[in-house]
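Protein chains: 6
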Amino acid sequence: MLWEELSWPKHEKTVAAGATVVMPFAAIEQHGPHNPVVVDTCLSTSVCQKAVDGMENVLLTPTMWAGLSPHHMEFPGTLTLSLETYLAVIQDLVRSVARHGYKKVLLVNGHGGNVASLQAAALSLKHELGITIWMVTYFRLGNEIAEKIRHGEIGSMGHSGEFETSMMLHLRPDLVDMEAAEKQVWKRAHPLMIQDMHRGGLLNAPADFTRDTKPLGVSGDPSVATAENGEKFYEATAERLRDIIQSLASL
Amino acid sequence: MLWEELSWPKHEKTVAAGATVVMPFAAIEQHGPHNPVVVDTCLSTSVCQKAVDGMENVLLTPTMWAGLSPHHMEFPGTLTLSLETYLAVIQDLVRSVARHGYKKVLLVNGHGGNVASLQAAALSLKHELGITIWMVTYFRLGNEIAEKIRHGEIGSMGHSGEFETSMMLHLRPDLVDMEAAEKQVWKRAHPLMIQDMHRGGLLNAPADFTRDTKPLGVSGDPSVATAENGEKFYEATAERLRDIIQSLASL
Amino acid sequence: MLWEELSWPKHEKTVAAGATVVMPFAAIEQHGPHNPVVVDTCLSTSVCQKAVDGMENVLLTPTMWAGLSPHHMEFPGTLTLSLETYLAVIQDLVRSVARHGYKKVLLVNGHGGNVASLQAAALSLKHELGITIWMVTYFRLGNEIAEKIRHGEIGSMGHSGEFETSMMLHLRPDLVDMEAAEKQVWKRAHPLMIQDMHRGGLLNAPADFTRDTKPLGVSGDPSVATAENGEKFYEATAERLRDIIQSLASL
Amino acid sequence: MLWEELSWPKHEKTVAAGATVVMPFAAIEQHGPHNPVVVDTCLSTSVCQKAVDGMENVLLTPTMWAGLSPHHMEFPGTLTLSLETYLAVIQDLVRSVARHGYKKVLLVNGHGGNVASLQAAALSLKHELGITIWMVTYFRLGNEIAEKIRHGEIGSMGHSGEFETSMMLHLRPDLVDMEAAEKQVWKRAHPLMIQDMHRGGLLNAPADFTRDTKPLGVSGDPSVATAENGEKFYEATAERLRDIIQSLASL
Amino acid sequence: MLWEELSWPKHEKTVAAGATVVMPFAAIEQHGPHNPVVVDTCLSTSVCQKAVDGMENVLLTPTMWAGLSPHHMEFPGTLTLSLETYLAVIQDLVRSVARHGYKKVLLVNGHGGNVASLQAAALSLKHELGITIWMVTYFRLGNEIAEKIRHGEIGSMGHSGEFETSMMLHLRPDLVDMEAAEKQVWKRAHPLMIQDMHRGGLLNAPADFTRDTKPLGVSGDPSVATAENGEKFYEATAERLRDIIQSLASL
Amino acid sequence: MLWEELSWPKHEKTVAAGATVVMPFAAIEQHGPHNPVVVDTCLSTSVCQKAVDGMENVLLTPTMWAGLSPHHMEFPGTLTLSLETYLAVIQDLVRSVARHGYKKVLLVNGHGGNVASLQAAALSLKHELGITIWMVTYFRLGNEIAEKIRHGEIGSMGHSGEFETSMMLHLRPDLVDMEAAEKQVWKRAHPLMIQDMHRGGLLNAPADFTRDTKPLGVSGDPSVATAENGEKFYEATAERLRDIIQSLASL
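Residue numbers (my numbering), protein chains in the order written: chain A, 25 to 275; chain B, 25 to 275; chain C, 25 to 275; chain D, 25 to 275; chain E, 25 to 275; chain F, 25 to 275.
One should not assume that every hint holds.
For identical chains, the list gives no copy identity; a pair is met inside one copy or between any two copies.
[Said to hold, decoys possible] Dumping the calculated DSS-like pairs for lysine-lysine here, alpha-carbon to alpha-carbon at most 27 Å: (1) K256 <-> K207; (2) K37 <-> K207; (3) K34 <-> K127; (4) K238 <-> K127; (5) K37 <-> K238; (6) K211 <-> K172; (7) K238 <-> K211; (8) K74 <-> K256.
What the hints contain is simulated information worked out from the structure, not anything from laboratory work.
As the structure is a computational prediction, the values presented were derived from the model and not from experiment.
With these hints in hand, go ahead and build the complete structure from the sequences.
Put into structure tokens, the structure is as follows:
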């Protein structure tokens, strides 16, 4: 069910029924010359919709498309909140949900820059509100399927790379310009740093997207993306997300 | 053009072309038992899309659906930011737009509770950023058409009343339950207070939506709403909005 | 009664008597070469004092002379708070009043730049504190008398124009230099924008007072101002304000 | 000269002349049953006016009457800002003054609860703005005259005690009720704590004004206050304040 | 070198030499009945000191012992900042370092609750300051050595469990009470949640330390801790940390 | 007892026993070419440790070494929080202490720039938390001993002058370079300004440490400092501090 389509008396009933609330958080930010700025919002919304499709007693809120992207602001089209504002937005929205009596919340993230803020807010909110609140970044659930079917090597699945571009080719091919999709795989400064969307990360270095360091605003290899793989990424991540929602709902 | 569908190189071109940016702000909040909580977001988005349809050199951003609705929080389904957070959100988003070089911004509001915040932020932003920034609340542009074709008397066009319900009947009839639509016209404490969406207001009293004072969460008369009038409201407000956008674009 | 002149035991009695509290908010900001920076504070204080004169069970607080005037900062003598600070000031003061047990508050505004902040704060405060709080901008109550006796045409009654200058000539003629009073009526960018203190405003554009756009810092026609009309403006607005206070007090 | 009475072209001249700006900060807070809540604002404004009287090239701003009085909120009539708001107000006002080009600022305080905030803000502002900014609490300048002519012993000169009540008897006898003035001298918990307005204070304990600990809201002995001494306190503090202003102006 | 032991002329030289700055962040929070509240501060400080020992051109700042521990506040002795304060502290300290001209900063974290805040702040700071800033949580560097020599099974290495208790037995045995060390391994709600300090975590659930859910305030198995293993954990993590510092220093 | 060395069950006992909590606040900031940046932290920590040594039912927390030093930022090695952050840190830490049930708190300050913030926060906290909270700046307790044994004249005991350098020579002679210690006594702009750490101060002027005004970053005369006097300063201030703690503990 979509949160937005219910009237307040219907919400009163879903609260009474102990419904689980799924809240997508994404971004509007540059995704290279081959993808539109809506990629994160489009993909996380689509995966969430697929995951909750047909589930009883689960509500999906609208996607908060304004996220934390100061590191992409050298590329036009990016919209960003400040760190302080973003934390306040996350907290105010979850407080609204909890005030009506909902007790189980899953934050589904679709943008790397949001990860830390959502985790930090979730920690604070759990203790302030006494609710159960989990957080997952949808694309990290693609690690197993990616391992099996990826065309690119390690490093191909960064920002606007093979993974995201494949899914866009499946979901919104009209918005992708594969002629502009170039391989942009970058060497990391230390082996413990994240190597790929699904690999590594003991050592954290903030994402680095300047005109100097990433002229196209891309990290990864979008040129090997295919709609066929995109569909598989989409279905596999939605399936795992659905499993997480079911675990939360059954607590 | 939709902001979200452009890649960053395309944004670079629209900046260079001096494009005008239209930014809708709305809310997810209770609209009585006969309407879903998405009314404000649905209507302001639709009117904006219609207004910019086919215009050259005008960009429409996604609708910021999280607004200022503390006064509706007694009714479940309402999501609200705090006043401080909302002001920060408006300012951060317009700062993002201005940072890329866009110089003309129109804030289109679709929710009464947002009016003051958008005006206050616009005043600050104009002087901080040196851009041209205007603000209009779309439903107030419906005053002339309403005068001509309204079925209800003064007072029928409040929150989730004749105006909004008519437009929902035109745009999303599947989400409206006219069986639950009851006349709820309330007497004001002073003749200088706002009497209707389109009448009065020298004396300002904050909207009052508690379970005690407005048991259904409605102010106005949704029972006289018709899809036919909804279409006319929709087209007339979009037309006037289009005129405003053209004025701004031609500066 | 003046709030400031009572001891705490007397306040204890006025709380018990259910007194109404009138709180003036104004500004210290440039008003052209012919008027001192105190205009807004002087006029709103005087009108409030006249309105409450002799009323039982009504308290008038000191005027908060620090307001929101970032748009006048190019002209020396203007003092301004930031938007965030101003909202906090309004809220802290009303919270103080409510904490002592007062339940009815009227915010009387005397500066255009404060309108949105006072409305936004009032909305938040009503729901936080559960009090009755109204807001009115005193000079907008001058619309009917202005219609009757104004000397200038539409556009004459803007910032430091006919209306304010007339009242200053009545109340503090020693501070007005009519030799420096020049007609400064400006064309608006769109017919739905405010045309005058008392006319229009469906489309909101932030006030624009830079050295470039308004070399004298004036909008309107102070040259047609007279002390005689000033007295009438003063008495008519005070009379309407008194009526509003009585309505609030009698709730 | 009064800041508020100048037009902007006159301010432009005083900036060019290197004028010194004197800014009074006070409070509206309970002062026992014998004094009105305006004491701090009345006294600091009066002393400042006397001090600057006839001085060339010195501007006196309006008194910021809203201060920091959370510790008096159990007594009605007290208005307080929060600590965060008060610091923001001080900073915003001084920033406004500095932005116009004034380089010498004296903050004159009239309320014990404001001391720390004004010092803290002054430290920050000096380094942010590069101006010369000094701060003095006017009643502490009364230490020498008090030593000579006081009627009460150590401890008589606390909140609404001999010093303030004497000055009110001189300046606004119509607002003082000496029948309600009772001796209220309290023992301190440690000899290094402040013993009196003008004595001690190596060890800081926040002022303690609850209904339990100070039933009348008074610390000191107002019963020995006289208008005659009040006049001497007033003249002596104004004289020392004048000397400080001259030192600052002559830098 | 210790930052704190240098005078400002010596700092001037280390800035000129392009020194790398290592900044430890920890917490003072409950660590069960067998460990003191200083565990996180003690361990992260010790590991950092060992790692930088003898390195040229590397500065170690004091450990910021106040961290983010709202989730441990049911247990006395825990000190916590709020989320907003903690983010401000991290940012202010790194801004201070950068303002003096240092260009390479490593944030070394020693507390799970700080991870998200440090990552979020690092992202903001990199783009605000243009410096190279990395972040690592020291105990996650113990994953390889733990794999080899741990006595407990998966789940033994949570909060105040085998890993931390072993290191405390090596570094501060006088502060550990092994009689009070009980096995407290808890089942997770979902297999993708973190299972152990060094295992899992695709699905994020905020740490849950209430008196109800964790009566001892422990997660893991401290009973199998030994000083011998503690020494190995200590040396292995310090060694890997040293390697990271060297990579950063050699950029 | 050291707060950090207790486990939570031990804290539970000290809360029940009504223990007094001593919290040192200091700074890491430049102290001229002859002293390390740790002076304030070193001295206030040492004096506190000496003062509480052997006292029953008194807890000493770690020293908050990050303080308010914007006025020393022209000299490298200084770390500072912003005013807003510092006030939040003080408040969050004292709130943590109070939440566990401790009722008596002594803030011991070791840095001039912190005085106002600690006083301001203490005032707010007392009324928010209902605890007894005192504040003292340790070096001001050295006034009597300094009077007796000082080598320098008035003015010798400013920032990194005779007093602090003497104590460093006693406690950490390895970190002091007496060859770089030069007399730097500065004339004040007004006789009511502070003349020395222990003299004057009715008129407050923010500390002024720029490269222009204080080329060495020193105010006072470190060249007359001796370890012998340092020991006496140390013991005398610790003794007076101990007396204050005993007074608080015996309330």
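Homo-oligomer pair classification [K127, K34; C-alpha up to 27 Å]: This pair counts as within: shortest intra-copy Cα distance 17 Å, inter-copy 35 Å.
Could you place K74 and K256 in one of the four classes (within, between, both, neither) given a Cα distance threshold of 27 Å? Result: close within a single copy only, 13 Å intra versus 36 Å inter.
Should K256 paired with K207 be assigned to within, between, both, or neither, using CA atoms and 27 Å as the limit? within (21 Å within a copy, 43 Å between copies)
Taking 27 Å as the upper bound on the Cα-Cα distance, should K37 and K207 be classified as within, between, both, or neither? Between. Shortest inter-copy distance 24 Å satisfies the 27 Å Cα cut-off; intra-copy 51 Å does not.
Using 27 Å as the alpha carbon limit, work out where K238 and K211 are close: within a copy, between copies, both or neither. within (12 Å within a copy, 43 Å between copies)
What label fits K37 with K238 when the C-alpha limit is 27 Å: within, between, both, or neither? between (50 Å within a copy, 20 Å between copies)
Homo-oligomer pair classification [K127, K238; C-alpha up to 27 Å]: between (43 Å within a copy, 20 Å between copies)
Should K211 paired with K172 be assigned to within, between, both, or neither, using CA atoms and 27 Å as the limit? within (23 Å within a copy, 30 Å between copies)
In terms of the numbered hints stated before, the structure departs from none.
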